[in-house]
Structure formats: C-alpha cells, structure tokens
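Trainee: Using the sequences and the accompanying hints, generate a full structural model.
The chain contents come next:
There are 2 protein chains.
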Amino acid sequence: MYRPQIKVLDCTIRDGGLINKHDFSREFARAVYRAISEAGVDYIEMGYKNSKKLFSAKEFGLWKFCEDDDIRRAIEGIESKTKIAVMVDVGRVDIDDIKPASESPVQMIRVASYVKEIDKAIFLVNHFADKGYETTVNIMAISKDQGPELDEAFHQIEEESKANVVYIVDSFGFLYQEQVEHLVKRAKAAIKTKEIGYHGHNNQQLAFGNTIEAIIHNANFLDATVYGIGRGPGNCPLELLVGFLKNPKFDLGPILDLISKEFIPLREKIEWGYIIPYAISGMMNEHPRAAIALRASDKKENYREFYESIRNIGRE
Amino acid sequence: MYRPQIKVLDCTIRDGGLINKHDFSREFARAVYRAISEAGVDYIEMGYKNSKKLFSAKEFGLWKFCEDDDIRRAIEGIESKTKIAVMVDVGRVDIDDIKPASESPVQMIRVASYVKEIDKAIFLVNHFADKGYETTVNIMAISKDQGPELDEAFHQIEEESKANVVYIVDSFGFLYQEQVEHLVKRAKAAIKTKEIGYHGHNNQQLAFGNTIEAIIHNANFLDATVYGIGRGPGNCPLELLVGFLKNPKFDLGPILDLISKEFIPLREKIEWGYIIPYAISGMMNEHPRAAIALRASDKKENYREFYESIRNIGRE
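Protein sequences, first through last, are from chains D and V.
Numbered per the working numbering, the first sequence finishes at 316, counting up by one with no gaps.
Numbered per the working numbering, the second sequence finishes at 316, counting up by one with no gaps.
These aren't lab readings, by the way, just hints derived from the structure by calculation.
This one's a predicted model, so the numbers in the text were calculated from it and none came from an experiment.
Worth double-checking, as some hints may not be accurate.
Any copy will do: because identical chains look the same in the list, a pair fits if it lies in one copy or spans two.
[Stated by the list, open to error] Okay, derived cross-link-like pairs now, DSS-like style, lysine-lysine, Cα gap no bigger than 25 Å in a straight line:
#1 K246 <-> K144
#2 K261 <-> K299
#3 K299 <-> K269
#4 K21 <-> K185
#5 K269 <-> K249
#6 K120 <-> K144
#7 K120 <-> K53
#8 K99 <-> K83
#9 K269 <-> K300
#10 K53 <-> K188
#11 K188 <-> K120
Mentor: Shown next, in the form of structure tokens:
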C-alpha cells in the first residue's frame, strides 16, 4: 500500500525561520529535531547556509547561517536516523564556508534557484556533490516560468548536474492539482536519473492536496512543516502528510505532541496560516511581498482594496 | 474558459449555524445575503426547516426553523438574483409546515440523508418538488457507505425521485482527490438526468482542492461558505472558489468586504478552521463528535492522547 521510495523532508526550522529572522532558540530547534526523529521523518532542514559577509549575525538568528557547531549542539545526544539538510540561495553562500560532508553533521544541501539562475545553481550543486553531500535543485516561482526555458532548465539539470533531486516549488501558492500534474509529468519527461520533489505553499489551502497530487504522479521527495508553519500562509502541514502516508516507519504521535507543546503557544506570538491577503496574492500568481507589507500596516484587514491593487499590477 | 452550468451555493448561515445553534442575528444574515447577492453567487442557504414540535425556539435561533417571514425580513429591499435554499433533515421536518413554493421566498429545498434513509429522502424530495421547489438529495457520510448500497441509492434517486441535484457530502472530511474522482464518476454512471453536487468538509485542508476535483469531473453544484465557516474545521472557503471560477458574473469584492467587516471579528468569538483534533478525526474517517467533545473539555490541546483514543475505536 505504500511506496518505499517516498522521502519526507521537514523544513520547519528553515521555512518557519523566514517569519522570525531564523531566530528560533537552540532548545526549540532541539525539540523539533527530537520529534521529527521519533516520527521517523527522513530529512530535517535546519536553515540556510548564508555568508556572514552578506548578513549580520547581530540581525539574524543562528539558523540563517547554520554553522556546523550550532547544528551539533542542537542535535547532540538525540538518537536519530533523520538526515540533516540545509538550504543555500544562489549568490548568498560562500562556498569556502562549506566543509567536506565527512567533517559536517549536514548530509544534504539544497540549492534554491530561479529558472534564470540555473547555471549558477548547477555549479553550486556540483561543488557540494563533490564535497560528498546529497544535493537538490529547488526551482522557485515555477508558476511564473513555464515557457520553454523551464524545459531547458530540466534538461540542463539532467545532463550537467549531480543533483539527486529536482524540486518543483510553488513559491506563490498559485498552483492547483491539474497544474501540479502537468509540471511533475513535464519534469519527469526530461529527468530520468533523479527524483522529483514537491514543495507547496498554502496560500489557497492547496499545499497538502497538491502534495498528494505530486505523489500520485510519482514525485518521491515531499516537503512539509509542523502545523504548516512558514512565512505568510505557510506550507503543507507535516501532520497531514504523515497521516496520509501508509509507510509503517512513520509515527504521528511525536509530531502531535510537538504541536501541543510548542506550536500552539508559538502561533499566539507569530502569525502564519490561512490569511486572506496571501490567498489573494496566490490566486493572482503574485509574490507575497505586497501581502507581507499589508499585514505590517494599519490596513491589514482591508482585503477588497488590496485585491483591487493586486489586480491592477502592471496595468498602469 | 468557464462552464456556464456551474452553480455555487453559499451555505454560510446554515452550516455556520451549527456552531452557534443557528442564532445569527437577522442583521448578520442580511449582511451575508447582501454580499452573496452582490457577488453573483447562485444560491444562498439560510438554515434548516426543522419542526418546532421537535426543537424549542427558546433553545435555538431563527435559522433552525427558517420561517418564511423571518427570511422575508432578512432579505427585503435587497436587489438580488440569488435563489434562497433551506435544508431539511430526514425525520426532523413537518411537511405540513412547508407552503407551496409560489407562496414562499424559498426556491430550493435540500434533503440531507444517509444512504440507509434514501427512501424517506426520496419521499420528501418528491413532496417538495410537487409543491414547486427545486430539490436536492445530499448524501451524507458517503465515505462510510461505499458498498453496493451506494449504487442502489444512486439508481433509486435517478429512477424514483424528482431531485434536480444529487450531492456527494464528505461529512467526515476524509476524502482526497482520487476518492472524489471515483465518487463523482460513480454517481454520474448511475445518474443521467440530474446534476451532481459536491460538499466538502475541511478537516484536512482538502475541501477546496476536492471541490476543484469535483469540477474537473463535471460536478456542477458546489457548496462553500464565507471564510470557510462551519462546525469544527468548516467548509470550502467561498472566496477561494469564486477566485478560482472564471465566470465573469462572479465578483470577489463583496465577499472580501464581508470577511473584513463581519468574519474577522466573528472568528474571535467562535471557533472554526484548521484544528488538529478535527484533522485527526478526518484522517481516521470518523464522525467529529469526539473532537467536538475534546474541544469543550480541559484536554482540548491533548492531541496525541486523542489520536490514540480514536485509533482504538472499535478495538476494545
């Protein structure tokens, strides 16, 4: 009844960190790591490997940089088969900061890239693969880049990169299931030697349904976060995905405990979830930056005016 | 780009009324009716036609009974093409209370029925049809009744009833898109002279995605509620459905205004939405009654213990 190739990647600390400048405490990260490990989830992504030349450690928390020693301190003493992943953005990483995998607690590096940066992403992926890491290319904002350049990118990744996985990322929370089916099939038509992954955003409450759709069409790497945490609308809720998958290695209990103890109180302090301005930017296939700005203003509940302004983008 | 046969039915007042004993004020119902009318939504369901012999008007609000005069007062003076629907439950309606359609503000009566009560539902539907109403049969808890008795019910409705629409109702919020596809196709195999409808519950954040799936497979009657209001997890959010449909007769603006003005404050007073115990009862294909009881207790956030108790239902 289940597909053993399916791997679940929890990106709670990494994607949730976009809300609070990656400033989760080491204790919080440790609680998440412990629960994810007990739940049998395959990977956990702790944050970004950003260059400290570009971002100040005074302004951002630990998980903006993911120093190996900080990761070690968060996980030490916890029994786990869960592999550790970090993300890098094209143009924001200093590759000399990255030690060989054999000297690091990190096992996977994921490179986030727009279609137009794919050559740079392939360079990074191959560099990290040569250092011994599992690697992925995560193609962001794919709903805006569906012309022939997307097929070209898929072909290049297949031919030129050592990536293990190519992710379809619905950055704007725009896609619904027919489009997910189309994109996964299109990726699989070009990519024969790597797995396909799916990362949904939950603007329109479609992240979980779209992840199921990706599973149906044989995507095997699936991103999710505890209680759906993430910037704005957040992501596919891990508890729903684990509840859906039938592999007996997964245990929902530790994730439910973690939500009760850590995420219900956290949700009182920071905002994510079903929020109308993000639903609007999702249905309009727009970056959430306007919604983020609205939520920080005194017009945060002026939905109709916001909708009209988004409709008129580019019409002036 | 759009299918003109598609009809949207807003059941905000009816399904939302399950949270507060149908005690929305006439002003609130009026505000909803006005916005739904301005948005161009096809139907609005105001509540239940329950017998006052069975339920006390002291204990329940107006919309438990939906007297014609109360509906008239809520809608009078508002320009509208939106048709008015009410729901009846098998065994809870006094048919002598129902005037001919020509003397009533109501245009559609929907009969909610379990598969095993389908003969009684057909009797009611035919009675109301003979009085001049549009009618539907809403098959509840369909995820629990997928044996041959379901095909028998579909055939009976097709052969013996005057219903205009047969609804698939995911009462427990259990279904995902493959199952919705299966059920819609199974209904359409038996039912040739009536439309198929879909009513989702949002336990697992799948109500909107499943409604899209029903559309893909040619269901034409779609239920939704403003801001997803409804008992527990609520329903398919109307604003997402209207944002998805391409028919130019729909206008999202009035719905967004209604959410800003009425539903954001209301959500501070009564609870609905993504709530873990309902997600659990949904993934286990169970009635939400245990989740409702939990939320009213001092263990409301004890998710893991609740999950274990639901897993053990019937195992004692």
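Trainee: Please flag the earlier hints that this structure goes against, numbers listed from lowest up.
Mentor: Those not satisfied are hints 4, 5 and 10.
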